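Undergrad: Going line by line, the protein sequences match chains A and B.
In this text, residue positions in the first sequence follow the working numbering: the first is 228, and each later residue adds one.
In this text, residue positions in the second sequence follow the working numbering: the first is 3, and each later residue adds one.
Simulated from the structure, these hints should not be mistaken for lab results.
Please note that the accuracy of each hint is not assured.
[As the list claims (entries may be wrong)] Simulated pairs of lysine-lysine, BS3-like, Cα-Cα distance not exceeding 25 Å:
hint: 1; chain 1: A; residue 1: Lys399; chain 2: A; residue 2: Lys424
hint: 2; chain 1: A; residue 1: Lys272; chain 2: B; residue 2: Lys28
hint: 3; chain 1: A; residue 1: Lys287; chain 2: A; residue 2: Lys350
hint: 4; chain 1: A; residue 1: Lys249; chain 2: A; residue 2: Lys263
hint: 5; chain 1: B; residue 1: Lys290; chain 2: B; residue 2: Lys413
hint: 6; chain 1: A; residue 1: Lys233; chain 2: B; residue 2: Lys422
hint: 7; chain 1: B; residue 1: Lys28; chain 2: B; residue 2: Lys120
hint: 8; chain 1: A; residue 1: Lys232; chain 2: B; residue 2: Lys28
hint: 9; chain 1: B; residue 1: Lys351; chain 2: A; residue 2: Lys232
hint: 10; chain 1: B; residue 1: Lys349; chain 2: A; residue 2: Lys232
hint: 11; chain 1: B; residue 1: Lys413; chain 2: A; residue 2: Lys233
Owing to the predicted nature of the structure, the values given are computational and were not obtained by experimental measurement.
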Amino acid sequence: MLDLKKEDIDGILIRYNVSLEKEMTPDEAAEELYPKDELIYPIAKAIYEGEEDDVIDGLKAAIDAGKNPIALINDALMVGMGVVSQLYDEGIIFLPNVMMSADAMLDGIEYCKDQTDEVPEPKGTVVCHVAEGDVHDIGKNIVAALLRANGFDVVDLGRDCPVDEVIEAVEKEKPILVTGTALMTTTMYAFKEVNDKLLEKGIKVPFACGGGAVNQDFVSQYELGVYGEEAADAPKIAEFILASGDGIEKLREEFHKH
Amino acid sequence: MVQKYTSMAYASADDLVFGKAKFPVKAGLGLEIGAGYTTPEINYAPRPQAGKSKEKLIKEYERITTDSMQRMVQIGAPSVVLETEHVEQMTNNPSWGGEVAHAQKTIMEEYHDEYGIKCALRHTPGDIREDRDFLKLRGDKYDLLMESFEQIAQNGADLLSIESMGGKEVFDYSILRNDTAGILFGIGVLGSMDMEMIWSDIADIAKKNNVVAAGDTDCAQANTAMFIAGGLLDKNLAHTIAIVARAISAGRSLCAYEAGATGPGKDCGYENTIIKSISGVPIAQEGKSSTCAHSDVMGNLVMQACDLWSNESVEYHGEFGGTSVQCWGESLAYDCSLMNVALKTGKEKGLRDLFTLSDKYRDPQGYVLAYENAYRVGQAIVKDGTDNYLRTKNAAVECCTILDEGIASGKLRLTRFETKALAKVQADLAALPDNSDQFMSDCLTKYKEEVAVFRPENYGL
Ligand code: B12
Chain A
228 MLDLKKEDID GILIRYNVSL EKEMTPDEAA EELYPKDELI YPIAKAIYEG
278 EEDDVIDGLK AAIDAGKNPI ALINDALMVG MGVVSQLYDE GIIFLPNVMM
328 SADAMLDGIE YCKDQTDEVP EPKGTVVCHV AEGDVHDIGK NIVAALLRAN
378 GFDVVDLGRD CPVDEVIEAV EKEKPILVTG TALMTTTMYA FKEVNDKLLE
428 KGIKVPFACG GGAVNQDFVS QYELGVYGEE AADAPKIAEF ILASGDGIEK
478 LREEFHKH
Chain B
3 MVQKYTSMAY ASADDLVFGK AKFPVKAGLG LEIGAGYTTP EINYAPRPQA
53 GKSKEKLIKE YERITTDSMQ RMVQIGAPSV VLETEHVEQM TNNPSWGGEV
103 AHAQKTIMEE YHDEYGIKCA LRHTPGDIRE DRDFLKLRGD KYDLLMESFE
153 QIAQNGADLL SIESMGGKEV FDYSILRNDT AGILFGIGVL GSMDMEMIWS
203 DIADIAKKNN VVAAGDTDCA QANTAMFIAG GLLDKNLAHT IAIVARAISA
253 GRSLCAYEAG ATGPGKDCGY ENTIIKSISG VPIAQEGKSS TCAHSDVMGN
303 LVMQACDLWS NESVEYHGEF GGTSVQCWGE SLAYDCSLMN VALKTGKEKG
353 LRDLFTLSDK YRDPQGYVLA YENAYRVGQA IVKDGTDNYL RTKNAAVECC
403 TILDEGIASG KLRLTRFETK ALAKVQADLA ALPDNSDQFM SDCLTKYKEE
453 VAVFRPENYG L
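Please model the entire structure based on the sequences and the hints provided.
TA: What follows is the structure in structure tokens.
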């Protein structure tokens with residue numbers, strides 16, 4: 228077939244991802260971010276590598292050396308996950324790495340909890356769901372994974388979730404944030420119903436909505452709505468709420484990009 | 003009966019071209035697909051409020067049909083296909099789908115009688131075979147789905163299609179974890195098994211009603227991978243992994259034609275060039291004129307071997323230039339006109355190469371789907387054509403080899419991240435067993451344990 232000369236390709240398309248790629252390899256970048264403490268370092272590294280067995284080995288060693296299991300959740304597991312999240316945000320590593328690290332971190336948390344009767348201080352609960360009538364749940368799965376990766380407790384109501392189930396879960400779990408995902412123009416109207424029923428009950432929790440069909444204009448139409456463009460915004464919204472409160476206006480100012 | 007492909011339909015990749023298929027398909031009102039010309043395929047979705055009742059839905063589809071046919075006539079398009087992808091109510095209530103098909107076909111007949119425009123109607127029921135939490139591929143939902151096909155076939159649909167979902171539960175889990183074996187198992191093994199079952203039955207229904215069993219697409223898996231992969235700067239999935247999933251999907255979607263379908267394959271099956279090279283069936287494709295529905299990184303390239311050219315889907319509503327179906331339909335028709343001129347003047351291979359080259363180096367996905375590479379993936383599939391596992395594994399391996407060659411040529415420039423992901427897939431593939439029984443038993447053990455929603459009985463296992 229006809230072909231292009233190598234030097235002609237750039238005039239036709241630019242692989243911006245190649246031209247912008249960072250000099251440092253992901254492993255080098257991670258190495259710079261690990262904590263130096265010699266008991267914590269191997270745990271953080273094992274989280275980054277997504278090796279759950281190594282995470283447990285590291286935790287065992289730290290606990291044997293006198294560290295408090297519950298403190299290790301924040302001081303080691305979350306720190307390791309923080310490295311992973313930062314590298315993902317900077318575009319140095321990709322989602323599957325985050326998923327594998329999150330799995331390893333969750334195993335680690337379970338292990339720490341099993342070692343003591345103490346209960347860890349929760350960071351906050353987020354209720355996630357896919358709109359009623361909609362089965363597209365991959366975006367929601369990513370959102371839930373990233374929230375967990377950032378230390379939030381996630382109550383995942385799954386896909387095709389009836390409006391009333393969302394309301395019940397919110398009443399029961401008292402989340403700091405509710406998320407909704409919809410990929411169809413026909414299903415996203417359920418968000419308005421969720422909004423109205425929450426308000427009827429006097430619950431003013433931020434309701435972050437995203438997914439293929441959803442756009443900022445639509446979400447702005449209901450009082451509790453905050454539009455989230457990418458999954459990585461979900462933990463950012465949750466962190467923002469912890470730091471600056473749950474005022475919808477402020478959240479919109481920060482996260483509405485269009 | 004399922005007859006597996008063990009050889010290529012075309013002697014060389016250069017024989018693959020738009021508008022011509024080795025086995026053209028006659029359908030509907032005077033239309034022949036793949037018989038030397040390309041035809042626009044207009045796709046649409048009803049406005050949300052229209053789903054409230056059956057009457058409203060029928061009315062909406064009547065408007066859509068009239069608008070589309072009207073615009074095609076106004077601009078002098080010789081042929082058109084309309085595709086109705088069911089909203090869930092239409093499949094779950096089979097008579098609704100049937101009534102919509104009837105209403106649409108009645109209008110199309112009027113246009114055909116009055117103007118002689120060649121046309122056909124494709125209906126694509128939704129794959130409703132699931133509960134809220136689990137796939138439910140067999141049993142009462144299956145029967146309901148077949149009843150839906152029966153109804154549309156009796157009432158005016160000329161082309162029967164579906165975007166079936168077999169294997170999706172294992173795939174969804176695996177794709178977010180770079181789990182090569184799971185991707186292969188979900189698409190190549192489970193997906194293929196379900197395809198063989200469902201398409202044998204659809205082909206029977208088509209035969210009985212004298213309509214066309216058209217084809218499927220691996221939308222549920224390969225397109226999910228493509229969308230998660232996204233644009234050049236997205237960081238959710240390496241594009242090298244997305245194209246491996248796509249290569250595997252060719253073996254899976256091919257099963258429809260082995261079970262009796264004859265094409266045209268569904269528009270969003272970006273695996274269709276590979277399938278055409280093996281089977282010679284006509285294919286629908288979508289790309290630069292389906293940006294109303296989604297973005298891809300190979301908008302021109304996918305035109306290379308299309309027989310129908312589609313806009314994927316657009317919500318029905320007004321635009322400055324008419325209703326959305328009229329605007330997008332018109333774009334498609336002009337694209338087809340250009341391809342048809344090339345066909346008439348003997349310039350089709352030249353135009354094809356321009357389409358292909360415009361995107362070949364844009365992204366690893368386009369690189370592998372460029373027709374001469376797609377052809378090689380086809381050859382890898384037919385080499386072990388009778389074994390669903392081996393042939394899809396071959397496709398994955400060949401895909402990686404093609405990418406390696408592209409990198410070596412210096413023309414396909416990948417990020418280190420993409421190259422690393424590619425190396426991992428290659429290592430994973432090399433570690434897989436050489437026989438399908440072993441693979442099957444390894445995967446059953448692993449995924450029964452890891453994927454809570456995986457139910458082997460969905461596949462008769
Ligand atoms: C994969 C897919 C499927 C798969 C779904 C698999 C699964 N487990 O999810 C299957 C095959 C099952 C499927 C089925 C159908 N589909 Co579909 N599908 C798609 C496709 C190709 C990709 C969707 C996807 O997974 N994208 C990738 C994910 C990661 O993106 P995402 O969910 O948007 O999430 C990202 C962001 O939005 C964000 N995000 C998401 N939620 C939230 C929340 C918060 C708080 C934040 C901050 C961020 C955030 O994070 C993610 C990453 O950054 C789209 C095409 C498209 N253009 O989108 C069609 C599409 C969504 N499907 C469509 C249709 C019509 C259907 C069917 C009705 C088809 C049919 N006739 O059967 C059925 C629906 C059944 C039902 N009742 O739901 C249409 C919807 C059209 C419309 N009316 O609006 C689309 C747009 C295709 C089209 N162009 O026509 N589909």
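Undergrad: With reference to the structure, classify each hint as holding or not holding.
TA: Right, here's what the structure says about each hint:
For a cut-off of 25 Å, the pair hint linking Lys399/A to Lys424/A stands: about 15 Å separates their Cα positions. Restraint check for Lys272/A and Lys28/B: the C-alpha separation of about 61 Å exceeds 25 Å, so the hint is violated. Simply put, Lys287/A and Lys350/A have alpha-carbon atoms about 24 Å apart, close enough for the 25 Å limit, and the pair holds. Restraint check for Lys249/A and Lys263/A: satisfied, since their Cα atoms lie roughly 24 Å apart, inside the 25 Å limit.
Only pairs whose Cα atoms come within 25 Å are accepted, and Lys290/B paired with Lys413/B is accepted, the gap being roughly 23 Å. Restraint check for Lys233/A and Lys422/B: satisfied, since their Cα atoms lie roughly 23 Å apart, inside the 25 Å limit. Simply put, Lys28/B and Lys120/B have alpha-carbon atoms about 11 Å apart, close enough for the 25 Å limit, and the pair holds. The straight-line distance between the Cα atoms of Lys232/A and Lys28/B is roughly 42 Å, outside the 25 Å bound, and the hint therefore fails.
At most 25 Å may separate the alpha-carbon atoms for a hinted pair to count; Lys351/B and Lys232/A meet this at roughly 19 Å. With a CA separation close to 22 Å, the supplied pair Lys349/B and Lys232/A stays within the 25 Å bound. With a C-alpha separation of about 6 Å, the suggested pair Lys413/B and Lys233/A falls inside the 25 Å cut-off, and the hint holds.
Of the numbered hints given earlier, the model fails hints 2 and 8; all others are met.
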